[in-house]
Amino acid sequence: MKRKLILLSLFLIALLFVSGCWNRRELNDLAITVGMGIDKSGENYRVSTQVVIPSQVAGKKGGIQTPVTMYKETGESLLEAIRKMTTASPRKIYASHLRVLVLGESLAREGIGDALDLLSRDQELRTDFFIVIAKKTTAEKTLKILTQLEKIPSVNMFASLETSEKSWAPTTTITLDQLIAELLSEGKHPVLTGIQVIGSQEIGETSENLDQIDPSAKVKYSGLAVFKKDKLIGWLNEEESKAYTYINDEIKSTVGVITCPEGGKLSLEMMHSKTTVKGSVTGNQPTINIGIRAQMNIAEVQCSVDLTKTETIAELEKLSNQKLEGFIEASIKKVQRKYKVDIFGFGDIIHRTHPKAWKKLKKDWDQNFTKMPVTVKVDSRIRHLGAVSSSLLKDMEKKE
Amino acid sequence: MNNKQSSQPLQQNKQSSDPHNSALHSSLQDNIQQVKKMLGNSSDIIIREIEIGSTELIRAGIFYTDGLTDTPSIQNFIKESLLCDIHANLDQSISSEQNVLGLLKNRFLGVGEIQDVTDINSLLSSLLSGDVVLLLDGCTQGFAIGMRGGKDRGVMESTTESVIRGPKEGFTENMRTNAALIRRKIKDSRLWMETKSIGRVTHTDVAVMYIKGIVNDKILEEVHTRLDRIDIDGILESGYIEELIQDETYTPFPTVYYSERPDVIAAELLEGKVAIIVDGTPNVLIVPALFISFTHAAEDYYQRADISSLIRIIRYISMFVALLAPSLYIAVTTFHQEMLPTQLLIGLAAQREGVPFPAFIEALMMEVAFEVLREASLRMPKAIAQAISIVGTLVIGTAAVEAGVVSAVMVIVVSITAISSFVLPAFPMSMSFRMLRFPMMGLAASFGLFGIILGVIALVLHLCSLRSFGVPYMSPLAPFIKADNKDTIIRVPWWGMFSRPRLINQKNIVREQNNAPSPEAPQNNSGG
Numbered sequence: 001m002k003r004k005l006i007l008l009s010l011f012l013i014a015l016l017f018v019s020g021c022w023n024r025r026e027l028n029d030l031a032i033t034v035g036m037g038i039d040k041s042g043e044n045y046r047v048s049t050q051v052v053i054p055s056q057v058a059g060k061k062g063g064i065q066t067p068v069t070m071y072k073e074t075g076e077s078l079l080e081a082i083r084k085m086t087t088a089s090p091r092k093i094y095a096s097h098l099r100v101l102v103l104g105e106s107l108a109r110e111g112i113g114d115a116l117d118l119l120s121r122d123q124e125l126r127t128d129f130f131i132v133i134a135k136k137t138t139a140e141k142t143l144k145i146l147t148q149l150e151k152i153p154s155v156n157m158f159a160s161l162e163t164s165e166k167s168w169a170p171t172t173t174i175t176l177d178q179l180i181a182e183l184l185s186e187g188k189h190p191v192l193t194g195i196q197v198i199g200s201q202e203i204g205e206t207s208e209n210l211d212q213i214d215p216s217a218k219v220k221y222s223g224l225a226v227f228k229k230d231k232l233i234g235w236l237n238e239e240e241s242k243a244y245t246y247i248n249d250e251i252k253s254t255v256g257v258i259t260c261p262e263g264g265k266l267s268l269e270m271m272h273s274k275t276t277v278k279g280s281v282t283g284n285q286p287t288i289n290i291g292i293r294a295q296m297n298i299a300e301v302q303c304s305v306d307l308t309k310t311e312t313i314a315e316l317e318k319l320s321n322q323k324l325e326g327f328i329e330a331s332i333k334k335v336q337r338k339y340k341v342d343i344f345g346f347g348d349i350i351h352r353t354h355p356k357a358w359k360k361l362k363k364d365w366d367q368n369f370t371k372m373p374v375t376v377k378v379d380s381r382i383r384h385l386g387a388v389s390s391s392l393l394k395d396m397e398k399k400e
Numbered sequence: 001m002n003n004k005q006s007s008q009p010l011q012q013n014k015q016s017s018d019p020h021n022s023a024l025h026s027s028l029q030d031n032i033q034q035v036k037k038m039l040g041n042s043s044d045i046i047i048r049e050i051e052i053g054s055t056e057l058i059r060a061g062i063f064y065t066d067g068l069t070d071t072p073s074i075q076n077f078i079k080e081s082l083l084c085d086i087h088a089n090l091d092q093s094i095s096s097e098q099n100v101l102g103l104l105k106n107r108f109l110g111v112g113e114i115q116d117v118t119d120i121n122s123l124l125s126s127l128l129s130g131d132v133v134l135l136l137d138g139c140t141q142g143f144a145i146g147m148r149g150g151k152d153r154g155v156m157e158s159t160t161e162s163v164i165r166g167p168k169e170g171f172t173e174n175m176r177t178n179a180a181l182i183r184r185k186i187k188d189s190r191l192w193m194e195t196k197s198i199g200r201v202t203h204t205d206v207a208v209m210y211i212k213g214i215v216n217d218k219i220l221e222e223v224h225t226r227l228d229r230i231d232i233d234g235i236l237e238s239g240y241i242e243e244l245i246q247d248e249t250y251t252p253f254p255t256v257y258y259s260e261r262p263d264v265i266a267a268e269l270l271e272g273k274v275a276i277i278v279d280g281t282p283n284v285l286i287v288p289a290l291f292i293s294f295t296h297a298a299e300d301y302y303q304r305a306d307i308s309s310l311i312r313i314i315r316y317i318s319m320f321v322a323l324l325a326p327s328l329y330i331a332v333t334t335f336h337q338e339m340l341p342t343q344l345l346i347g348l349a350a351q352r353e354g355v356p357f358p359a360f361i362e363a364l365m366m367e368v369a370f371e372v373l374r375e376a377s378l379r380m381p382k383a384i385a386q387a388i389s390i391v392g393t394l395v396i397g398t399a400a401v402e403a404g405v406v407s408a409v410m411v412i413v414v415s416i417t418a419i420s421s422f423v424l425p426a427f428p429m430s431m432s433f434r435m436l437r438f439p440m441m442g443l444a445a446s447f448g449l450f451g452i453i454l455g456v457i458a459l460v461l462h463l464c465s466l467r468s469f470g471v472p473y474m475s476p477l478a479p480f481i482k483a484d485n486k487d488t489i490i491r492v493p494w495w496g497m498f499s500r501p502r503l504i505n506q507k508n509i510v511r512e513q514n515n516a517p518s519p520e521a522p523q524n525n526s527g528g
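If you read the protein sequences in the order shown, they are chains A and B. Read left to right, the first sequence gives residues 1 to 400 (UniProt numbering). Read left to right, the second sequence gives residues 1 to 528 (UniProt numbering).
If you're looking for bench data, these hints aren't it; they were derived computationally from the structure. Take the hints with a grain of salt, since some may be wrong.
Looking from chain B toward chain A, a few residues come up when the C-beta cut is under 10 Å (computed) [unchecked claim]:
# : residue
1 : 343
2 : 345
3 : 347
4 : 349
5 : 351
6 : 355
7 : 359
Glycine included, C-beta positions come from ideal geometry on N, C-alpha and C.
All chains, full assembly: derive it from the sequences and hints.
Next comes the structure, spelled out in structure tokens:
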């Protein structure tokens, strides 16, 4: 018994050493990649990775060098390019903490499907990073711009997209699994947020960019990219992007500006919005009814209206309804006419509500989409007037 | 030294005990010679010859060990009982030796504890335990008079189990004092005590204490069997007994509980456990021991129930921290970096830049350094303790990090682990956890979280397989006994704990009346 125990424990101890510590990697053996850019270079992929230099970000010394470094390599496949990077990098690229994946516009126009395979297949990647499109530039260039408030540019991009989605609306956060789901869906084409480099690319790449109060170069989100399956076919402007987020019920908070009855502007802060999209099929004609219930506060008054009267509020609500309905309908019309792809997911709604009709409709759904009547009904409610009741302008008039 | 001295008399004792095993000589001189011979003429054995009676003198010998007896009372006793009063009365009745002895015992010896001594061995054992032995010339019988005394440490505040609220007294090295301390808590006729002498050379008094009617008789019997089985030359500390009677030797966990506090022992006795008091040890053993007892502090029962429960939960958390913190750190930083938030990962990576060792070696170094420091501060003379601890903190805390040998986070992890391990109220259990930390670190370094989970599973299996005097070690958690869980992870208020642990005492379970008074506002009494 005792001998057996001793033997067993000897084996166990030996096991500890023969295991070779299979996946063991020390923290200082990792090239922590927070941003990855994919561009097309001829037939090959050009992959650029933004790797954090930890001591520059969190170390005691910090701040002498740039906080990140970049490795880029061209290869027939993504993995080939990434592995090739070790010829320049002392550490293996470690992509679990990827925050942003930037796809170059030229790659996006040719199709992003192939590029996504590795990213979804590899077990090292988490699927919680955001995917954006470098608008009018390459992914590599976008990743090269140094940022100030968040030292790591990719983290900056990640946080900026997250906050702008929450409080401004015309951007949308899409993670890898969502994108793949949309690519596979028959009733919806994907949409990705675009990112632009504003200002001087040359200065933006050097630490000179960090020494200025108003940096020479910035990265900025602007508009949504419209895809037909996995190919980029065009861009939505800010208002259309906002309409997209309204229809997809992704509005958390935003600002709407309306014109007062007697001229002047009035800003409404969206506090809460709920969109319900209903589909119906009569004969072979699908229709979509969009209902939006919005609760808002009066945020800014630059005209003379008497906010103490309920009639005024009712009128403002009506104006807000018209405004919202107007631009949402216009945006849908534009997409129907210009891009002819269903980015709003109306097909999915018909699929869900009328599965039988969908079987016939899905064959040429995009065709059906362009001809489909869509009605928008907005029900705005103004809840709060803010800390003052009437505007300063009105008070001044009274005094005179 | 001590052992050498005491082993000589033993051999003499053995050699001489065969021919002289039996009765005392009738001649006092012979007896004195015999005792002197057997004790190697040791200078601390005082033999005083006196004569008692006035007309017919009887020679009497008084034997005692200097230092073990209460010297003033011996002097009093000789002066008052033997030299003065006796004279007048004794003469009349001296006819036979029986008479003298009876008379002395019944009328003249003004002391409480008297035992008859008839053979030389019991004479010696009484003498060496601190009794005064009185022999008369011409009698083959004498008395052992209980006058134990001598220098004692006295009851002092418990140093190893301190509390904020609750009694401060702690046990001493004297078994009698210890028993008295317990009896002061439980003044009941059912508190019984049985004394044994264990150790062929040391003849250490070992007392088994229990409350008759509450104790589980099977467990009591088992305790007696195991104690009687002990055959060893010396018992110098209760640890000897613990190791000789515990159920399982090859386990990191203690299966015998001990405490320095009379209130803790009293509480355990009330739960039906058996206390073993060993003379010369301020730590009283308690069996059966449950895992859960080691995580409970005396104060838990004196503080309000809600506070105690919260503190217990904190204690359990720190138990896991003490066991797993370094291994979790190793596993997460070397296998599962994706589990960390990005900012934290970058922060950790920045600290590890330039550290030449893998995290496992780093952790091992720091843990060993800490254990060395702990052991050193325990062993070294108290006067230089402070100097060493300053050096230790500076070297380990600051210099090692600045020199880039270890990362700062590792110092934090090791410190948290160390502090957490001291949260456990029972020292033996915190030792177990400290020891188990090292294999856990090894598992974490080779298999990551998978290894840690395997280790924990193995540990739980092992814990569940343990028994202490027949009682499952993990009870009442495994097997789960609902009623007993009122006092495990949390503690319900006293009015909610009606019952004693089910598995320990099967007969007498009710601790309180069933309709225990849950505190309610008095209904009739308005105002006042």
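Cross-check of the supplied hints:
1. 343: It holds, given that the least Cβ distance between residue 343 of chain B and chain A is near 8 Å, below 10 Å.
2. 345: holds, 6 Å
3. 347: It holds, given that the least Cβ distance between residue 347 of chain B and chain A is near 4 Å, below 10 Å.
4. 349: holds, 4 Å
5. 351: holds, 8 Å
6. 355: Result: holds, 7 Å to nearest chain A Cβ.
7. 359: Check passed: Cβ of residue 359 of chain B comes within 6 Å of chain A, closer than 10 Å.
Figure legend: structure checked against the earlier numbered hints; every hint is met.
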